[in-house]
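Visitor: My request is simple: use the sequences and hints to build the entire structure.
2 protein chains.
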Amino acid sequence: MDYELTRKDRRVIYDGKILTLYEDLMQLPGGREERWDFVHHKHGGGACTVPVLEDGRILLVKQYRPMVDRETLELPAGAREDPSEDGSITAARELREETGRSAGVMTFLARIDSMPAWCDETTDIYLAEELSEPEEQLLDDAEEIRTLAFTLEELLLRIFRGEIRDGKTVAGILAYAALRRGIHHQLCHHRRGEET
Amino acid sequence: MDYELTRKDRRVIYDGKILTLYEDLMQLPGGREERWDFVHHKHGGGACTVPVLEDGRILLVKQYRPMVDRETLELPAGAREDPSEDGSITAARELREETGRSAGVMTFLARIDSMPAWCDETTDIYLAEELSEPEEQLLDDAEEIRTLAFTLEELLLRIFRGEIRDGKTVAGILAYAALRRGIHHQLCHHRRGEET
Numbered sequence: 021m022d023y024e025l026t027r028k029d030r031r032v033i034y035d036g037k038i039l040t041l042y043e044d045l046m047q048l049p050g051g052r053e054e055r056w057d058f059v060h061h062k063h064g065g066g067a068c069t070v071p072v073l074e075d076g077r078i079l080l081v082k083q084y085r086p087m088v089d090r091e092t093l094e095l096p097a098g099a100r101e102d103p104s105e106d107g108s109i110t111a112a113r114e115l116r117e118e119t120g121r122s123a124g125v126m127t128f129l130a131r132i133d134s135m136p137a138w139c140d141e142t143t144d145i146y147l148a149e150e151l152s153e154p155e156e157q158l159l160d161d162a163e164e165i166r167t168l169a170f171t172l173e174e175l176l177l178r179i180f181r182g183e184i185r186d187g188k189t190v191a192g193i194l195a196y197a198a199l200r201r202g203i204h205h206q207l208c209h210h211r212r213g214e215e216t
Numbered sequence: 021m022d023y024e025l026t027r028k029d030r031r032v033i034y035d036g037k038i039l040t041l042y043e044d045l046m047q048l049p050g051g052r053e054e055r056w057d058f059v060h061h062k063h064g065g066g067a068c069t070v071p072v073l074e075d076g077r078i079l080l081v082k083q084y085r086p087m088v089d090r091e092t093l094e095l096p097a098g099a100r101e102d103p104s105e106d107g108s109i110t111a112a113r114e115l116r117e118e119t120g121r122s123a124g125v126m127t128f129l130a131r132i133d134s135m136p137a138w139c140d141e142t143t144d145i146y147l148a149e150e151l152s153e154p155e156e157q158l159l160d161d162a163e164e165i166r167t168l169a170f171t172l173e174e175l176l177l178r179i180f181r182g183e184i185r186d187g188k189t190v191a192g193i194l195a196y197a198a199l200r201r202g203i204h205h206q207l208c209h210h211r212r213g214e215e216t
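As they're listed, the protein sequences go chains R and E.
Its first residue numbered 21, the first sequence is counted upward by one per residue in this note's numbering.
Its first residue numbered 21, the second sequence is counted upward by one per residue in this note's numbering.
Hints listed in this document are in silico derivations from the structure and should not be mistaken for laboratory results.
Certain hints may be false.
A pair holds if it fits inside one copy or across any two, identical chains being indistinguishable in the list.
[Stated by the list, open to error] Using 20 Å as the maximum straight-line C-alpha spacing, the simulated SDA-like pairs for lysine to any residue come out as follows:
1) Lys-37 - Arg-55
2) Lys-82 - Gln-47
3) Lys-62 - Leu-176
4) Lys-28 - Gln-83
5) Lys-62 - Glu-43
6) Lys-62 - Arg-90
7) Lys-37 - Arg-52
8) Lys-62 - Asp-140
9) Lys-37 - Thr-127
10) Lys-28 - Glu-91
11) Lys-82 - Ala-169
12) Lys-82 - Met-46
13) Lys-82 - Glu-24
14) Lys-62 - Gly-120
15) Lys-62 - Thr-40
16) Lys-37 - His-60
17) Lys-28 - Arg-90
18) Lys-28 - Glu-163
19) Lys-82 - Leu-172
What you are looking at is a predicted structure, and each value in this text was computed from that prediction instead of being measured.
Guide: Structure (structure tokens):
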């Protein structure tokens, strides 16, 4: 190609509460110039947990999301208090606030970019195990959240039915399933080995 | 609670090329009113495929994403041509344009909301199998895309290392892994049955 995709100019359209909207003048690989909308998310990304109870069930939070006008089932999640905050700190705080529980062990599962084509928001996903007994939720007055527990099999069914849709939640549950089945997968190979 | 989370007023801040930005006046469950930023994504959502070759490798597309200033590995994906377009049509078109291949079989895997807290963008994810031999890519002059093939195991490693981060791509690869391992899981149970 003669050109690379390059930003030639940027103007701030709106500097909002949680995001800054830019209109960028981009030079396309073909050479033509085009204006693109870009969203910078101010909180420096968020974090969430896949909280697994002793009986293997997974805790999700149910809440009304006005933008999609639906109640959603999501992993407990929230924004960093400042961009330098480690995702595991954010994730642990949101777990405590939304479910009343603390985790004895946190394990990094994945980091996702929500929509890298036009936004820079990221979410770190952690596995949360050895959970404490629940204490009272610590919700702000914007939050009305119920905590529900589901088996992994039930959650996989709901994902493949398109019922659980939140991106970080689908990614986190499936990442946990891949780890779990990965272990099982190895056990199976070991068992086959014994058969020969 | 005395109140529910309710939108009391909405004003359009910016009506852009791919998105509309709103500032909504929300009444919080606690009763207080607060202004929230909301992004409506105009293309009515997108769709992507997990394209699986005969040898089991998965095709991803590599491209530079200015918003995150990185080259990303993503599932072939794109926007609906109009909001009424079925996601499987969108997914098939983008697979053809970005990889040069067509799928003999498409299977719905999941639908994800990128970030339901503040945006209404959705992406439908399909498994694409029985792929044709590659023909020429059909890229517009904004696109500079390379196609690369990886084994599922390699992709899982890259996800758990935080290297593959695009939300729809992490969700789609892990959804395919859950299906694959699910079948394997049943085979293992069957094998155990034979042992008894």
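Visitor: State whether the alpha carbon distance between Lys-82 and Met-46 is at most 20 Å within one copy, between copies, both, or neither.
Guide: between (40 Å within a copy, 19 Å between copies)
Visitor: Quick one: Lys-28 to Gln-83, C-alpha cut-off 20 Å, is that within a copy, between copies, both, or neither?
Guide: between (41 Å within a copy, 19 Å between copies)
Visitor: Up to 20 Å between alpha-carbons, please classify Lys-82 paired with Glu-24: within, between, both or neither.
Guide: between (44 Å within a copy, 14 Å between copies)
Visitor: Within a copy, between copies, both or neither: where do Lys-62 and Thr-40 come within 20 Å Cα-Cα?
Guide: Result: close both inside a copy and across copies, 7 Å intra and 18 Å inter.
Visitor: At most 20 Å between C-alpha atoms: does Lys-28 with Arg-90 qualify within a copy, between copies, both, or neither?
Guide: between (39 Å within a copy, 17 Å between copies)
Visitor: When no copy is specified for Lys-37 and Arg-55, does a C-alpha distance of 20 Å or less occur within a copy, between copies, both, or neither?
Guide: The answer is between: 8 Å across copies meets 20 Å, while 24 Å in one copy does not.
Visitor: Treating 20 Å as the Cα threshold, decide for Lys-62 and Asp-140: within, between, both or neither.
Guide: both (9 Å within a copy, 19 Å between copies)
Visitor: Please work out whether the CA atoms of Lys-37 and Arg-52 approach to 20 Å or closer within one copy, between two copies, in both situations, or in neither?
Guide: Result: close only across copies, 17 Å inter versus 33 Å intra.
Visitor: Since the copies are identical, ignore which copy is meant and state whether Lys-28 and Glu-163 lie within 20 Å (CA to CA) inside a copy, between copies, both or neither.
Guide: between (41 Å within a copy, 17 Å between copies)
Visitor: Give the relationship of Lys-28 and Glu-91 under a CA distance limit of 20 Å: within one copy only, between copies only, both, or neither.
Guide: between (41 Å within a copy, 19 Å between copies)
Visitor: For Lys-82 and Gln-47, with the copy left unspecified, which applies at a CA distance of at most 20 Å: within, between, both, or neither?
Guide: between (43 Å within a copy, 19 Å between copies)
Visitor: With identical chains, the pair Lys-37 and His-60 could be close in the same copy or across copies; at 20 Å between alpha carbons, which is it: within, between, both, or neither?
Guide: The answer is both: 11 Å in one copy and 16 Å across copies each meet 20 Å.
In this structure, the hints that do not hold are numbers 3, 9 and 14, in rising order.
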